[in-house]
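2 protein chains.
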Amino acid sequence: MKIENKLSKLREIMKKENIDGYYINGTDPHNSENVCPRWKTRAFISDFTGSAGSVLVTSDKAYLWVDSRYYIQSDQQTKDSEFIVMKLEKDNTPTPTVFINQMFEKDSRIGFSKDTLMIDEKKQFQKDCKNVEIVVTEDFLNEVWEDRALIPENGVVEMDVNLTGFSRGQKLNMIRIYLGEKKADYAFIASLDDIAWTLSLRGSDIDYTPVFIAYLLVTKEKAYLFTSDKRFDKDLLEKVKKDVEIYPYEEVVSKLGEIIEKDKTLLINEKKVNTLFEKVIKDLNITIVDELEVTTRLKACKNETELDGMRRAHLLDGVAMVNFLATLDFDKGEYSELSLVDKIEVQRLRNKECLGLSFNTISGFKENGAICHYSVSEESSKVVKANGLLVLDSGGCYESGTTDITRTLLFGEASEEEIRDYTLVLKGHIALALQSFPQGTKGHHLDILARQFLWNYGQTYFHGTGHGVGHRLNVHEGPQKISQVVNDYPLQKGMVLSDEPGIYKEGRHGIRIENLIAVQNNVKTEFGQFLNFEILTICPYELRLIDIALLNDIELQYINSYHNWVYEELKDLVDKEALDYLKKATLRITK
Amino acid sequence: MKIENKLSKLREIMKKENIDGYYINGTDPHNSENVCPRWKTRAFISDFTGSAGSVLVTSDKAYLWVDSRYYIQSDQQTKDSEFIVMKLEKDNTPTPTVFINQMFEKDSRIGFSKDTLMIDEKKQFQKDCKNVEIVVTEDFLNEVWEDRALIPENGVVEMDVNLTGFSRGQKLNMIRIYLGEKKADYAFIASLDDIAWTLSLRGSDIDYTPVFIAYLLVTKEKAYLFTSDKRFDKDLLEKVKKDVEIYPYEEVVSKLGEIIEKDKTLLINEKKVNTLFEKVIKDLNITIVDELEVTTRLKACKNETELDGMRRAHLLDGVAMVNFLATLDFDKGEYSELSLVDKIEVQRLRNKECLGLSFNTISGFKENGAICHYSVSEESSKVVKANGLLVLDSGGCYESGTTDITRTLLFGEASEEEIRDYTLVLKGHIALALQSFPQGTKGHHLDILARQFLWNYGQTYFHGTGHGVGHRLNVHEGPQKISQVVNDYPLQKGMVLSDEPGIYKEGRHGIRIENLIAVQNNVKTEFGQFLNFEILTICPYELRLIDIALLNDIELQYINSYHNWVYEELKDLVDKEALDYLKKATLRITK
Chain D
1 MKIENKLSKL REIMKKENID GYYINGTDPH NSENVCPRWK TRAFISDFTG SAGSVLVTSD
61 KAYLWVDSRY YIQSDQQTKD SEFIVMKLEK DNTPTPTVFI NQMFEKDSRI GFSKDTLMID
121 EKKQFQKDCK NVEIVVTEDF LNEVWEDRAL IPENGVVEMD VNLTGFSRGQ KLNMIRIYLG
181 EKKADYAFIA SLDDIAWTLS LRGSDIDYTP VFIAYLLVTK EKAYLFTSDK RFDKDLLEKV
241 KKDVEIYPYE EVVSKLGEII EKDKTLLINE KKVNTLFEKV IKDLNITIVD ELEVTTRLKA
301 CKNETELDGM RRAHLLDGVA MVNFLATLDF DKGEYSELSL VDKIEVQRLR NKECLGLSFN
361 TISGFKENGA ICHYSVSEES SKVVKANGLL VLDSGGCYES GTTDITRTLL FGEASEEEIR
421 DYTLVLKGHI ALALQSFPQG TKGHHLDILA RQFLWNYGQT YFHGTGHGVG HRLNVHEGPQ
481 KISQVVNDYP LQKGMVLSDE PGIYKEGRHG IRIENLIAVQ NNVKTEFGQF LNFEILTICP
541 YELRLIDIAL LNDIELQYIN SYHNWVYEEL KDLVDKEALD YLKKATLRIT K
Chain Y
1 MKIENKLSKL REIMKKENID GYYINGTDPH NSENVCPRWK TRAFISDFTG SAGSVLVTSD
61 KAYLWVDSRY YIQSDQQTKD SEFIVMKLEK DNTPTPTVFI NQMFEKDSRI GFSKDTLMID
121 EKKQFQKDCK NVEIVVTEDF LNEVWEDRAL IPENGVVEMD VNLTGFSRGQ KLNMIRIYLG
181 EKKADYAFIA SLDDIAWTLS LRGSDIDYTP VFIAYLLVTK EKAYLFTSDK RFDKDLLEKV
241 KKDVEIYPYE EVVSKLGEII EKDKTLLINE KKVNTLFEKV IKDLNITIVD ELEVTTRLKA
301 CKNETELDGM RRAHLLDGVA MVNFLATLDF DKGEYSELSL VDKIEVQRLR NKECLGLSFN
361 TISGFKENGA ICHYSVSEES SKVVKANGLL VLDSGGCYES GTTDITRTLL FGEASEEEIR
421 DYTLVLKGHI ALALQSFPQG TKGHHLDILA RQFLWNYGQT YFHGTGHGVG HRLNVHEGPQ
481 KISQVVNDYP LQKGMVLSDE PGIYKEGRHG IRIENLIAVQ NNVKTEFGQF LNFEILTICP
541 YELRLIDIAL LNDIELQYIN SYHNWVYEEL KDLVDKEALD YLKKATLRIT K
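These protein sequence lines map, in sequence, to chains D and Y.
For the first sequence, our numbering assigns the number 1 to the initial residue and increments by one for each residue that follows.
For the second sequence, our numbering assigns the number 1 to the initial residue and increments by one for each residue that follows.
Take these hints with a grain of salt, some might be off.
[Said to hold, decoys possible] List of simulated lysine-lysine pairs, BS3-like, C-alpha gap at most 25 Å: (1) Y:Lys127 <-> D:Lys123; (2) Y:Lys282 <-> Y:Lys123; (3) D:Lys90 <-> Y:Lys123; (4) Y:Lys524 <-> D:Lys524.
Hints listed in this document are in silico derivations from the structure and should not be mistaken for laboratory results.
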């Protein structure tokens, strides 16, 4: 169906329901970052396929808000439709709430689908848009979207306690201990990766995201999982039922009304729980404690078993990366961005422990590498050959853990500017990796370590330096984060993060270097407990892009000892034909 | 009067007024950091003379809260009284609000003196102490404190526009322009350094703080200053009256009631305006815009004239420091902490442009240097001679600006640990000084630069890295700050800050190195405008405490070029006898 037809159908419904503006936030009922086809509402209504953005449709206009990552892509994808692209952080573009409050007449009715509007988001709109009425509606797209996908019911698998460290029962008990500490009666969890982690189950409802659509209620004695029981094979169903009662996903609201007693206290994260639940909370006179899910904090700090799994996943991933790199002819070879995406995927999948990719591989050559979240397609795929830089950001989901690695590859010869930029990015990447820090340190304290050298050359990058990574789970996981934005959660032992500074020069080249790192205990002194990072990723940097003159002794020593470690870890595991490459790529460098 | 008698008198009044707890925050009606004798209430009631802390007196207990800077001092000063010292950030000590809310019976009445309780502080107590009633009272100490000092009326002087850059009229107009921008009718300013800056006047009501006790109201056409007109000589009074009407300090509340019209909008900073003003605000149905004073932001960004003045003050201060250092015999000399305080003061006051000290000199030898805010007294003053480190933190108030410098001096020989620690502190000090950063960067982003090397050795310091400094005004000035604590105000061109990392090893030694630095424009690139620091302080570091092996080339180059600059700036200005010292202290070092 054409965009104009979709919009016109939507506007008919809006008119019938007396709605002046319909807001589509593009998420699912669990406020997931990635969503399954049923909730790709933003893409359905606007053709814009980016991972973030919001849509507002009025009786005669259609707006799409995007951030700087998607300025170019959104222009391209909306060029034949009536969508007006609102570029945030540019030309004083108002945010959706400011826009809605200013542009609508007083008491206009702005509609939001009840199952994808989070309680917190609703409050935010109500606070910021005092001029208008926030109306929680049915999902109007149901009537517009003829062949809309159903809620998926893909099979789930169990992760053995050998891989998770704690059993399902132990993790449910951790939640119950926390209920006691908080003097609360129930924890209601809507966040999909939290549910998967708690229950040691993994699904495949969403691409690259091994979760399954469900809700979880934990009481002091019991646990209730709301999801289709068709997902389980018979044995697993029996096993899981020992720890949780299972009810259909669609019955969650009515069932909560039966299970939860009046006047009790409920832990929820209002950023992740949608307005479907408001009525039952109100009817039961529930006291809400609105905070980050306790499971999000527990999950963030990987236990020793999970860390061992992450280490194994990174070993296998290093083998795949080096086998891949060794097949490339960087001087005379000719590839395409897409063919390289296929090649690295093939190498990862050679190992049966690799269950798939952890995200859509980014492969951007020359000026495409300067597009920070570039998504290569048949149309955009450039020829890759001498001379130029390729940003290759990829990862695998392994049985034992998740990987995410970026290497910047050099085809042919590099310019002086490219070598200097690579070295500055690498220096920042190293400074963060080597830093020790006292307990209580937060991501926003550390972030500058990765930027300092670029800043001294008048350069910077407009993304965070590090995101949290899940254990055989989402490649983006909170609350840990290293960025300029204030983050309230201190870095703690066991947290896994990326260390990925970069530089993006529009129309010229992009560079990004990314390892995963895990927070570990360092020394304890008269000044308290210090932490530092263990490096998980095992893959050489590009020696031909390093200007040794810009390195100090500590950096030089780090590169040599990292490369020595990479060589020793991989030398007996990579293909025989890859050994020469590995040796050369990890050669000792000196001033 | 003995503490027990004071407390017993206070308790009589509390009983009469039906007050269960009386809270003394130790500030003045303007929430000044330093206060004049009349408002040294904390010291009066408890004998504790530290610069921060709060007191709670109940019918049978007396509590004093202090932070880590004052753990030792507060113990000493309260050891003969009934005061219980509450050490914040230690042993889970509750903050005053938590303590008050938990320890009193429901609906207990907690009293606060109306003229020193800020509106914001009152709201905070009301929010955090829901269990009790917050009662705004008369100042009970008036009846206890027999010889209580009056409000000072010391003379004020005017700073010429040659020194301030902008005239009084221009600065008042800047406020009026801001009133227009904010669609507000009045700005009411209670902050004493803001008033002094706005009016280009300086006073001497508070030690080391060239302000005068006053309030200022700025309307769209007029300005009203509430202070004693006895402060002005005849000519100055005439001159100042062209810009502001002057009324007695005591009449401020009633006069505001006359000047301010009903239903208007008033800018105030509720952190600096006390509860005396609540009634008039309410009676007039005033709309309050509660925010940082616009003058605080204007004042923070020094103009070129002010910066030139700061540079001159630092030149004169460098001369004084080097003349002082040159007189010391670091090998065989014997001094006392106090005698060194006198010696550096004498050197500063030799220059007639030096009007006095900018704060009470800190002179701490060996283990006394490890007490972060050590205040030397006749009793505590240690003999200073070989071997040991002396932390000397001092500054002058010059006609053209304010200085604040710390140098760590070595008497005799240093231990390996002292040399390593000094070098690590210096490396951090240098890293911050040399950093370039994009517009929008905040102090909490930069702070780690000064800590990174210490952290890698399991060491840290428990104070901020940099505070703002005023122009011939307070040596502590906001909103700029470089610390781990989140600060919402980006660093901007013209801001002056200190760069003062340190290390404090209890019972052993302390080290601090401090220069003042000014934010200046650096390059503008495709990534935006970058800023960096100009160094203001002109005084050698201690070469004998530097381990050159720990320095990288950039640090080595910085030290040499800084020392070369120090030498060139000072060589024609210091005493002839000091030239040898200066030459030796600024010698080029190499690996």
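Evaluated hints:
{"no.": "1", "hint": "Y:Lys127 <-> D:Lys123", "verdict": "holds (21 Å)"}
{"no.": "2", "hint": "Y:Lys282 <-> Y:Lys123", "verdict": "holds (15 Å)"}
{"no.": "3", "hint": "D:Lys90 <-> Y:Lys123", "verdict": "violated (38 Å)"}
{"no.": "4", "hint": "Y:Lys524 <-> D:Lys524", "verdict": "violated (43 Å)"}
When each numbered hint is compared with the structure, violations occur for hints 3, 4.
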